[in-house]
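Those protein sequences? They're chains A and B, same order as listed. Following the working numbering, the numbering of the first sequence begins with 1 at its first residue and continues without gaps. Following the working numbering, the numbering of the second sequence begins with 1 at its first residue and continues without gaps.
Hints should not be assumed to be uniformly reliable.
Below 27 angstroms or equal to it, Euclidean Cα-Cα: the simulated DSSO-like pairs (lysine-lysine) are [claimed, not checked]:
1. B/K49 / B/K106
2. B/K69 / B/K49
3. B/K106 / B/K58
4. A/K57 / A/K13
5. B/K58 / A/K57
6. B/K106 / A/K57
Some but not every residue of chain A turned toward chain B, in silico, with C-beta under 8 angstroms [unchecked claim]:
7. S33
8. G42
9. L43
10. E52
11. N56
12. V106
13. G110
14. G112
15. L115
Hints were generated in silico from the structure; no laboratory data involved. Every residue, glycine too, gets a C-beta built ideally from N, C-alpha and C.
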Amino acid sequence: KAGVTQTPRYLIKTRGQQVTLSCSPISGHRSVSWYQQTPGQGLQFLFEYFSETQRNKGNFPGRFSGRQFSNSRSEMNVSTLELGDSALYLCASSPISSQFFSGANVLTFGAGSRLTVL
Amino acid sequence: AQSVTQLDSQVPVFEEAPVELRCNYSSSVSVYLFWYVQYPNQGLQLLLKYLSGSTLVKGINGFEAEFNKSQTSFHLRKPSVHISDTAEYFCAVSASSGYSTLTFGKGTMLLVSP
Chain A
1 KAGVTQTPRY LIKTRGQQVT LSCSPISGHR SVSWYQQTPG QGLQFLFEYF SETQRNKGNF
61 PGRFSGRQFS NSRSEMNVST LELGDSALYL CASSPISSQF FSGANVLTFG AGSRLTVL
Chain B
1 AQSVTQLDSQ VPVFEEAPVE LRCNYSSSVS VYLFWYVQYP NQGLQLLLKY LSGSTLVKGI
61 NGFEAEFNKS QTSFHLRKPS VHISDTAEYF CAVSASSGYS TLTFGKGTML LVSP
C-alpha cells in the first residue's frame, strides 16, 4: 500500500514568488491535513480537507490556501512568499469519517516538502 | 482547546541506557494521546497511541508510554536505547469527541551516543 506522497521534496523560491505543493493521500483516505514545521514554532496546523471541503484552518495569514480534489489529492499554495515561510510542509492523510474526528483514525504523514525562501 | 508541553528539548543518553521523554498536556475535555517519531529528512511516524483502556501503552521499536490522568502526563519510555533511536520525538493530543485536530508539542531530540 503506497504511503502519502508529497511533491516536490525540495524547492527554493525567492521572496514575493508563490509556490504550490502537492499531496497524494493513501488510497481510501479522504481527509488530508497540512502542517508547517519550523525550528522555532514546531509543528503548526495549517488546514484540513475532507471531501473537497476545508473543515478547519489554523492561525495563518490568507496567503496560505489549499484545496482538495475529488480524488482526495490536495494542494496547498503560498503566495507572496516571505523569508519566514521557509519550512518543512507536511501533509498527512487519515481514514476519517465525515462526522467527527476519531483518534483511532491516526494521521499518516508524508516525507514533506522542504521550502527555502531566499 | 488542547496544548502539549514537552519538558526537554534535548535528551542525551548512552546506548543501552534507559530513557524517558516527558510530555504533559492540558485539556478541558477527555483526550487521545500520541507519540510520533521523526528521523532526519523524513515525515512523522506513529510510535504509539492512547485511546482508552489500559494506561500503559506499548508501541513499536520497544517504546511504551503511560497515561496518567491525574498528572496530565503521557511520558515515553524505553528500557534500552540503540543508536538508531536517535531522532526527534513529538507528543500530540486531540479531543476524544467531536471535531478535533492534532496538537503537537515542540519535540524532544533524543541523542544516543555509543
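Hint by hint, here is what the structure shows:
no. : hint           : result
1   : B/K49 / B/K106 : 18 angstroms, holds
2   : B/K69 / B/K49  : 15 angstroms, holds
3   : B/K106 / B/K58 : 22 angstroms, holds
4   : A/K57 / A/K13  : 24 angstroms, holds
5   : B/K58 / A/K57  : 32 angstroms, violated
6   : B/K106 / A/K57 : 20 angstroms, holds
7   : S33            : 7 angstroms, holds
8   : G42            : 4 angstroms, holds
9   : L43            : 4 angstroms, holds
10  : E52            : 17 angstroms, violated
11  : N56            : 6 angstroms, holds
12  : V106           : 5 angstroms, holds
13  : G110           : 5 angstroms, holds
14  : G112           : 5 angstroms, holds
15  : L115           : 14 angstroms, violated
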